[in-house]
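Visitor: Respectively, the protein sequence lines represent chains A and B.
Numbering-wise (the numbering used here), the first sequence opens with residue 28 and increments by one.
Numbering-wise (the numbering used here), the second sequence opens with residue 32 and increments by one.
Treat the hints loosely; a few may be bogus.
[Unchecked claim] Per label pair, the in silico range of CB-to-CB distance:
id: 1; chain 1: B; residue 1: Thr73; chain 2: A; residue 2: Asn80; range: 43 to 49 Å
id: 2; chain 1: B; residue 1: Ala149; chain 2: A; residue 2: Gly152; range: 38 to 44 Å
id: 3; chain 1: B; residue 1: Leu47; chain 2: A; residue 2: Lys32; range: 35 to 41 Å
id: 4; chain 1: B; residue 1: Leu136; chain 2: A; residue 2: Pro111; range: 38 to 44 Å
id: 5; chain 1: A; residue 1: Gly152; chain 2: B; residue 2: Leu49; range: 29 to 35 Å
id: 6; chain 1: B; residue 1: Arg196; chain 2: A; residue 2: Trp153; range: 38 to 44 Å
id: 7; chain 1: B; residue 1: Arg135; chain 2: A; residue 2: Pro53; range: 45 to 51 Å
id: 8; chain 1: B; residue 1: Arg190; chain 2: A; residue 2: Ala82; range: 55 to 61 Å
id: 9; chain 1: B; residue 1: Ala146; chain 2: A; residue 2: Arg37; range: 42 to 48 Å
id: 10; chain 1: A; residue 1: Ile55; chain 2: B; residue 2: Thr204; range: 53 to 59 Å
id: 11; chain 1: A; residue 1: Pro111; chain 2: B; residue 2: Leu153; range: 26 to 32 Å
id: 12; chain 1: A; residue 1: Ile55; chain 2: B; residue 2: Leu198; range: 25 to 31 Å
id: 13; chain 1: A; residue 1: Leu40; chain 2: B; residue 2: Ile160; range: 34 to 40 Å
If you're looking for bench data, these hints aren't it; they were derived computationally from the structure.
Ideal Cβ placement from N, Cα and C applies to all residues, glycine included.
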Amino acid sequence: MPAQKPEYFRPALIAGAVAGLLSGLPFIGAANCICCLWIVGGAAIAAKLLAANTAGALTAGDGAIVGALTGIVAAVADSLISIPLKPFSMDLARRILDKAAELGGEMPANLDEIMAGSSGFTSPGWFLIGLFLTAAIFTVVGALGGIIGVSLFGRKALPPSPPPASAIPPSAGPGPSDAA
Amino acid sequence: MPTPATPRTVRAVWILTLCGTVLWLGAILLAPWLAGRGASGTARFFYALFAPVCHQIPGRCFALEGYPLAVCGRCLGIYAGFAAGLLVYPLARGFSRIALPPVRLFLLLTLPMAADGAAGLLGLWRSPIGLRFATGFVWGTVLPFYFVTGLADLVRTRRDRAAARALEKAATTK
Chain A
28 MPAQKPEYFR PALIAGAVAG LLSGLPFIGA ANCICCLWIV GGAAIAAKLL AANTAGALTA
88 GDGAIVGALT GIVAAVADSL ISIPLKPFSM DLARRILDKA AELGGEMPAN LDEIMAGSSG
148 FTSPGWFLIG LFLTAAIFTV VGALGGIIGV SLFGRKALPP SPPPASAIPP SAGPGPSDAA
Chain B
32 MPTPATPRTV RAVWILTLCG TVLWLGAILL APWLAGRGAS GTARFFYALF APVCHQIPGR
92 CFALEGYPLA VCGRCLGIYA GFAAGLLVYP LARGFSRIAL PPVRLFLLLT LPMAADGAAG
152 LLGLWRSPIG LRFATGFVWG TVLPFYFVTG LADLVRTRRD RAAARALEKA ATTK
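Pulled out of the complex, with its shape left as it was, chain A reads as follows (with noise of 0.2 Å):
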């Protein structure tokens, strides 16, 4: 019988809040330029938070799930969060181009719209298409994360064994690490 099924949502709601939050401010969110690092590490805080309170071994596939809602969860904070800063983004990136510009870079004569103008999807409908696609991303990163998380949080399992050819042992997923 498989071991009862964790409790991911509180965990992944923390977390994702918390990483959606700093993911959503103005130069605190530039960390997630290091592939996400806020959702990342918010995935794998929310692995460690679930290891403590689920009494078996995590696998990498709880690791997984946790992860992937902790990225949804992450996603929805930070749309919220950039509804009202937008303007002062869209600033942002207007100066950081201004000073690519002065560095010296020879940059095509559109690239302002482009680029900047990229953070001015500003109807409706673009943010729901924004959300879903920031969902999407964070939902995959964050499932990187909580895996990281199990690795480096969770409690230690036994390896997984090939099936032999006669049987199959009872063994759990792949566990914290491969210590090997």
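With chain A's structure known, arrange chain B on it following the hints.
Guide: Coordinates of chain B only, in the frame set by chain A:
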């Protein structure tokens, strides 16, 4: 009874991840390619697609057709490293043995990027774009070993739980 993920499941996850990675890398190149050909509207969409995951500062991006790629050098390194790790995956792990990498290896491969990033943030140095790419690449190579393993295990977990539910349902209807 929990069962290990089958080689078939791991292979399917690996193939899907490979397809997704090719599309992702393609979209990164497509943004400047489209901009260079005057398709500003479509290029704008592709740049916007990557905006949540990268600062896209032009001075820190490689360029194509005179336009910056949709992500910076470090992010490109991470994705290129992910693709390289994914290609190595079947040779290094095979599809029948699934296990997460050792924590020490993860920390070791994270160290160059963390050191480079921290030094940059603290203003100790301004690393060239090539170094950013290289440190990102090194880190990216380990990620598919988590991703493929985790998703294959997720498929296994869901299958096991569905089987348990079906058994439970069958037992209650008897």
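Visitor: Please go over all the hints and tell whether each is borne out by the structure.
Guide: Comparing the hints with the structure gives:
no.: 1; hint: B:Thr73 to A:Asn80: 43 to 49 Å; result: holds (46 Å)
no.: 2; hint: B:Ala149 to A:Gly152: 38 to 44 Å; result: holds (40 Å)
no.: 3; hint: B:Leu47 to A:Lys32: 35 to 41 Å; result: violated (25 Å)
no.: 4; hint: B:Leu136 to A:Pro111: 38 to 44 Å; result: holds (42 Å)
no.: 5; hint: A:Gly152 to B:Leu49: 29 to 35 Å; result: holds (33 Å)
no.: 6; hint: B:Arg196 to A:Trp153: 38 to 44 Å; result: holds (40 Å)
no.: 7; hint: B:Arg135 to A:Pro53: 45 to 51 Å; result: violated (36 Å)
no.: 8; hint: B:Arg190 to A:Ala82: 55 to 61 Å; result: violated (22 Å)
no.: 9; hint: B:Ala146 to A:Arg37: 42 to 48 Å; result: violated (35 Å)
no.: 10; hint: A:Ile55 to B:Thr204: 53 to 59 Å; result: holds (54 Å)
no.: 11; hint: A:Pro111 to B:Leu153: 26 to 32 Å; result: holds (31 Å)
no.: 12; hint: A:Ile55 to B:Leu198: 25 to 31 Å; result: violated (49 Å)
no.: 13; hint: A:Leu40 to B:Ile160: 34 to 40 Å; result: holds (38 Å)
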